[in-house]
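Asker: Spelled out, the chains give:
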Amino acid sequence: MQTLFLQGPSVTLRALILVIASIALMTVDHRWSQMEIVRNTLSHLLYPLQYTIDLPIRLYYWADITLSTHQALLDENRRLEELYLQNRIRLQKMDILERENLRLRELLSATPKSGEKVLIAEIINVDIDPYRQLVIINKGSNDDVYISQPVIDASGIMGQTVHVNANSSTVMLITDASHALPVQIDRNGLRANAFGTGKINYLDIPYIAQNADIRVGDTLITSGLGGHFPANYPVAVVSHIERSPDEAFARIKAEPLAQLDRSREVVLVWHNPPQPPPSEDDQP
Amino acid sequence: MINPNTRIGVLTLIAAFMLAMMPLPDWAQAFRPDWVTLVLIYWTMALPASIGVTIAWFAGLMLDVSHGALLGQHALGLVLVIYIIHAQHQRLRVASMLQQSIVIFFLLLMKQALVLWVNGIMGHAPDTWLYFMPSLTSALIWPWVHIILRDLRRKFAYKTHY
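Taken in order, these protein sequences are the chains called R and D. According to my numbering, the residues represented by the first sequence are 1 to 284, in order. According to my numbering, the residues represented by the second sequence are 1 to 162, in order.
Bound conformation, chain D alone:
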């Protein structure tokens, strides 16, 4: 019997990957939130004992494959983001939604900057500030992601830490 927490975690992560690849109209693509990172951040905050940097690294490699990027680009950024979230999860849990959003905004900026840095070395860096838009949209959508995932977890999982 699979642990219900694991099951709901895996299902939400799959949903996040699908949202990340869902075709959007051209103008909307630049605004797509970083769903995979948001979902991982939530699960790291909720279940820090079972979700951590290793899972984040594998999810990052999957993102690299789906983006056709160098293997390790997104993995590097995701590991750092999840490491910081993991180290600070107790503080973040009691922070207000607004404060959480601000933290997530800066963490995602860092992740995107790392990806951009490698893209720049590879010679195909985008030349528009819109590149950083996903950090902003992710931070804006974070409260909803948080509430939806929390409700899902309370409904389907038996432990309630947070």
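Next comes chain R alone, as it looks inside the complex:
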């Protein structure tokens, strides 16, 4: 039934309450993490839509595999087997190095590097915001994904999770304008921070002195400082350096190594930051 006069609080009052509620929500969401529950509940409603949007692309990949010829599959298989063999040989050397490293660390009585668990996730192909560098992946808290977990692909660091739902998570790429990543140059260990710019193809490396030893082509790897990311994963290659005498710092840009806009499969890394040895003060 339609009434001539609206029942309940007037529209103006309701709008006012909702405006205040929005502002309060934004403040709480920005400062504390309790609102993740609200976000998770709402994303349960969104997930079927995202899944449906992704379905045609999923079907395309499925058809691509199902309809490929026997010969093409054989070729691919041979290529992958060769690659596998090459990687195995490289890994053998890695194993020896790792054991040696462990032994040396024991000699130094440093904390041993813990093994890292990994899980492959797929990117759900939906547009989020053209001015943010966010992607959605199909693994969530049901697979023990946690907030600010590192996400990598075959060639480098991609980003970290920022929201985790039951079956999906939002990943902020290293190129998002609000992302910063502690890195170092693998050649000489010079530490720096790689800031996202909002553009998919470069990172900003600020606060590097004019005379610092950094060259175009240097590889930046994670330094492990900050504790969120495991150390020694490749991040980016320095692509542009501009040293002008009237500025305090050099202007440096670096190109991310991960295939940020092309990867379909990404890898989640469970990484336990090395705990500092318990000191006397920590004992109760």
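Quick caveat, the hints were computed from the structure, so don't treat them as lab data. As the structure is a computational prediction, the values presented were derived from the model and not from experiment. Where hints are given, some of them may not hold.
Stated by the list, open to error - Footprint (simulated), chain R over chain D, 3 or more residues, beta carbon under 8 angstroms:
no.: 1; segment: 48 to 55
no.: 2; segment: 61 to 68
no.: 3; segment: 73 to 81
no.: 4; segment: 111 to 124
Stated by the list, open to error - Pairwise CB distance ranges, derived in the manner of DEER restraints:
no.: 5; chain 1: R; residue 1: 65; chain 2: D; residue 2: 123; range: 38 to 44 angstroms
no.: 6; chain 1: R; residue 1: 270; chain 2: D; residue 2: 123; range: 28 to 34 angstroms
no.: 7; chain 1: D; residue 1: 151; chain 2: R; residue 2: 72; range: 45 to 51 angstroms
no.: 8; chain 1: R; residue 1: 239; chain 2: D; residue 2: 130; range: 22 to 28 angstroms
no.: 9; chain 1: R; residue 1: 65; chain 2: D; residue 2: 106; range: 49 to 55 angstroms
no.: 10; chain 1: R; residue 1: 69; chain 2: D; residue 2: 125; range: 48 to 54 angstroms
Ideal Cβ positions, reconstructed from N, Cα and C, are used throughout, including at glycine.
Could you slot chain D onto chain R? The hints should help.
Answerer: For chain D alone, kept in the frame of chain R given last:
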């Protein structure tokens, strides 16, 4: 039995959310109309007694979740837009398509400016005027959205106010 108006309203809103998340080529993303707001504006004008600020607020929260934005960013803008549409729905109904489009253009500019303002405070404001393009494309596409939704409503719903 669900009210046919409710059913068609919910279905069009779901379609709007899907259009909002549909992958587009990179160059086209900046031009994507604000589908959810357009659909809500239509339903507020058509059925002001049942669609209003509360539904707009929930739709806004859903937009926030789908954009990975702060909870409340889009909700705030949508509530204000729908409040103004709600208050002026009788005038807007008799306005010409062009006038409606112009009103919608300015309302969406306001909504985008609010979202931008919060993004600026958060430190990731986009640095291009293309950011405001969705307001323009939404205003341009409004007549078609209006006609399609009206036809859908006349076909599937039993009440015809407008």
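Asker: A separate judgement is required for each hint: does it hold in the structure or not?
Answerer: Tested hints:
Here the segment 48 to 55 of chain D counts 4 residues with a CB under 8 angstroms from a CB of chain R, which clears the bar of 3, and the coverage holds. Coverage of a stretch by a chain is defined here by at least three residues with a beta carbon nearer than 8 angstroms to that chain's beta carbons; for the segment 61 to 68 of chain D and chain R the count is 6, and the condition holds. For the segment 73 to 81 of chain D, the assignment as covered by chain R holds, since 5 residues bring a beta-carbon within under 8 angstroms of that chain's beta-carbons and 3 suffice. By the rule of at least three residues with a Cβ nearer than 8 angstroms to a Cβ of chain R, the coverage given for the segment 111 to 124 of chain D holds, with 5 such residues.
Distance hint check: the CB atoms of residue 65(R) and residue 123(D) are about 43 angstroms apart, consistent with the given range 38 to 44 angstroms. Here the CB-CB span from residue 270(R) to residue 123(D) is close to 29 angstroms, well matched to the stated 28 to 34 angstroms. A hinted range of 45 to 51 angstroms holds for the C-beta pair residue 151(D) and residue 72(R), which are about 48 angstroms apart. Checked against the hint of 22 to 28 angstroms, the C-beta distance between residue 239(R) and residue 130(D) comes to roughly 25 angstroms, which is consistent with it.
Remark: the range hint 49 to 55 angstroms for residue 65(R) to residue 106(D) is upheld by a beta-carbon distance near 50 angstroms. For residue 69(R) and residue 125(D), the Cβ-Cβ distance of about 50 angstroms falls inside the hinted range of 48 to 54 angstroms, so the restraint holds.
Hint compliance for this structure: no hint is broken.
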